[in-house]
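Chemist: The lines below spell out each chain.
Protein chains: 2
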Amino acid sequence: MKLEMICTGEEVLSGQIVDTNAAWFADTMMNLGIELQLRLTVGDRLEDLVSIFRERSEHADLILVNGGLGPTSDDLSALAAAKVLEEELVEDTEWREYLEKFYQSLGREFPPSNLKQCLLPASAIRVDNPEGTAPGFRIKLNKAWLFFTPGVPVEFKTMVTEQFIPFMQKEFAAGQATRLYKLLTLGHGESTLADKLSELTLPDNVLLGYRPSAPHVEIKVFARGDDGIRQLPEVVEAIRARLDTAVVADNSPGIAWTVHEMLLAKQNTLSIAESCTGGMLCSQLVEFSGSSNYLHQGLVTYSNAAKQKILGVASDMLDTHGAVSPQTARAMAENVRALGDSDFGLATTGVAGPDGGTEDKPVGTVCIALADRDQCWVQTIQLNNRSRNLIRVLSCAVALDMLRRRLLQQNCLVPYSSIPSTVNNI
Amino acid sequence: MKLEMICTGEEVLSGQIVDTNAAWFADTMMNLGIELQLRLTVGDRLEDLVSIFRERSEHADLILVNGGLGPTSDDLSALAAAKVLEEELVEDTEWREYLEKFYQSLGREFPPSNLKQCLLPASAIRVDNPEGTAPGFRIKLNKAWLFFTPGVPVEFKTMVTEQFIPFMQKEFAAGQATRLYKLLTLGHGESTLADKLSELTLPDNVLLGYRPSAPHVEIKVFARGDDGIRQLPEVVEAIRARLDTAVVADNSPGIAWTVHEMLLAKQNTLSIAESCTGGMLCSQLVEFSGSSNYLHQGLVTYSNAAKQKILGVASDMLDTHGAVSPQTARAMAENVRALGDSDFGLATTGVAGPDGGTEDKPVGTVCIALADRDQCWVQTIQLNNRSRNLIRVLSCAVALDMLRRRLLQQNCLVPYSSIPSTVNNI
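So the sequences go chain by chain: A and B.
Under the working numbering, the residues of the first sequence are numbered 1 to 426, in order.
Under the working numbering, the residues of the second sequence are numbered 1 to 426, in order.
Excised from the complex, chain A in its bound form (with noise of 0.2 Å):
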């Protein structure tokens, strides 16, 4: 099977959003072992739209268009499919009925832009679309089918799953049976890591990919057939002896996840004190329902002054040392833990810059401490030439490994190839 897709819409050709679904349905058809063969990305012109669907129609098995559903005069996919069948547009009886009951179970009134999503070529198959008003459709042309979708990106992620997956999969010779596993690494770059596996000996069946994605290098092993899927286990588990400290989660979408997932099991408790994290750290397990169960609290204490009226931290350990030193990020995290009783107090403070570094502390110098009712761990890190935001994504994701740790009984202060680091024995 040949397998194409086709990316329409403007703002995705001229740049004004990077193009993700694309991106993401590449992953999740190599997930299944399918192997993208050509990705076009065409704007909003309905003569462009009606000549690429006729030329690729001839060349692939099945190609999934994405975007151009939407309710405004740019939104083209439905005119084009109908123009290269030379077909009519046919309004869609059932999906107008369904949309004004959506519309009335609103209470709002149906807007008449939305009229134009109803309308589908005469010969085309409609595609359910559960998460918006766009229905997506099918078309035979040529030798291909065309499989249209919404280019808002819940929907076409449902649409996808749910409905093109299992047409391909019926359709087509199903793939190989495949298996992924995923292995999050943090603060190694990735020829680092490629160059720690370069001696691996792997078998045929079995294939490695790196996937930098901040703050993680995520290493993906792919297992093809029943040989692959057996030998899996061995190669991930002679991967994680290779990279020592390096892997941080398995099988899991960020660091942040892991953690939450470990505390809600272990029944601990959290209390947060941020300062250049912003917040973000605080953030990224409230991002995860069940949070509550086990965080208290999350401070950011952004001026001198919050952090001696909320935190309590002294004013002369304030002068003395600085708001960025590892006696105030331990000041802060035994603080936070006390104040909410909490098992665990995790707290950052450094300088997320562009500016406010100084030679002493430059900019990307973080402060990260971790205590716990008993003892109190301070690490200092160096994220020289990053920007703010990866100083403050990188930050949260080492104070994170360091609970993680903790919460395995490990060594919480491990050395990271790409992060320069001082333990602070104070």
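Bear in mind the hints are in silico, worked out from the structure with no lab data behind them.
Hints may contain errors.
[Stated by the list, open to error] Stretches of chain A that chain B covers, calculated by requiring three or more beta carbons in the stretch to come under 8 Å of a beta carbon on chain B:
#1 31 to 44
#2 58 to 72
#3 316 to 329
Backbone N, C-alpha and C fix where the C-beta goes; we use that ideal spot for every residue, glycine too.
Assemble the complex: chain A is given as a structure, and chain B must be docked to it using the hints.
Modeler: Positioned in the frame of chain A, the structure of chain B alone reads:
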């Protein structure tokens, strides 16, 4: 001039990396008033590259090719170019000497794999790469110029800026002048906005586009040529007048940025208390450098104990009205403002879901309060049928919009057609 782009590389096609080069290039072209007609993404297969080069060279005048110039065996762009030209690859001795000197100056050996990067098709014209070891080059094929660039973003961007654009402007007629104006809206769906603007008569040289990007729908007003640019301000004002309170920012990356700039300009200070948004509101402001000038503190008082202990919310208020109530939101905003002696206090408390909803207060019920030194405004919004993340994102945006309107000395409580709300006069 018909301009197209061909992106190569398995890692781009397979979604291992999001293609930011492509988005940057299209955006850069658009800012020059030049429209990209088509973008293709192909993997690292020689026969695919050759056939795509041949096919597109019959349609386009100028094709930017990105990627595939690296030292490894899956970098095939130069080989494919030679093949489609039916030429040999020839060593560019000048570039080889340049590389040898370069490695000498680093005190490193010349890696044999870099020799491959000195091989160009016989008729190719080399394009220098000041940032890396792979030269670019251009070839004439059929009616088109193909311009080959490296995939590493910094090398790519430098080559486009310093070499490709001057070549394009010299070789082809320079594009028309263009201008883009962006209006960010909040709380109204794309179709509602389009309906409101459908009766507007636009000049021929001014185009409208919509881009939903949570929490906003962005309206892009694109003017072409001197006539269009002259008429642009008038069109923008007409749009603004029709949309009433829907527009919340002009030419801004988001409402948080706009509020950040306003707080800096007005030298007002702010304290934040969050429950369901969990630090997201604070983090959105801390994203921008200089936020320490106005932000005193952000408290995520997730538990009732934290609301009492840190914010001094009375326990009988929590008992009587509940943590998610206009009364609690008001107390949070007033108390956090007083705690920091800030000009403003902003607070959110709600049910982010997916669990925790009741009949009275279903998932998506969020109470938002804004306090200044004299007054407090409170509203309850209903974000039904939204994900946990979207409930948090929209709550932050509405909170920021209240503050923004107050900073403009406008009524800070306005209706949003896609977000049912109640004003709480308590």
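Chemist: All the hints need checking, so say for each whether the structure fits it.
Modeler: Hint-by-hint comparison with the structure:
1. 31 to 44: holds (count 9)
2. 58 to 72: Satisfied; 3 residues make the cut.
3. 316 to 329: Per the Cβ count (0), the hint is violated.
Taken one by one, the earlier hints fail for this structure only at number 3.
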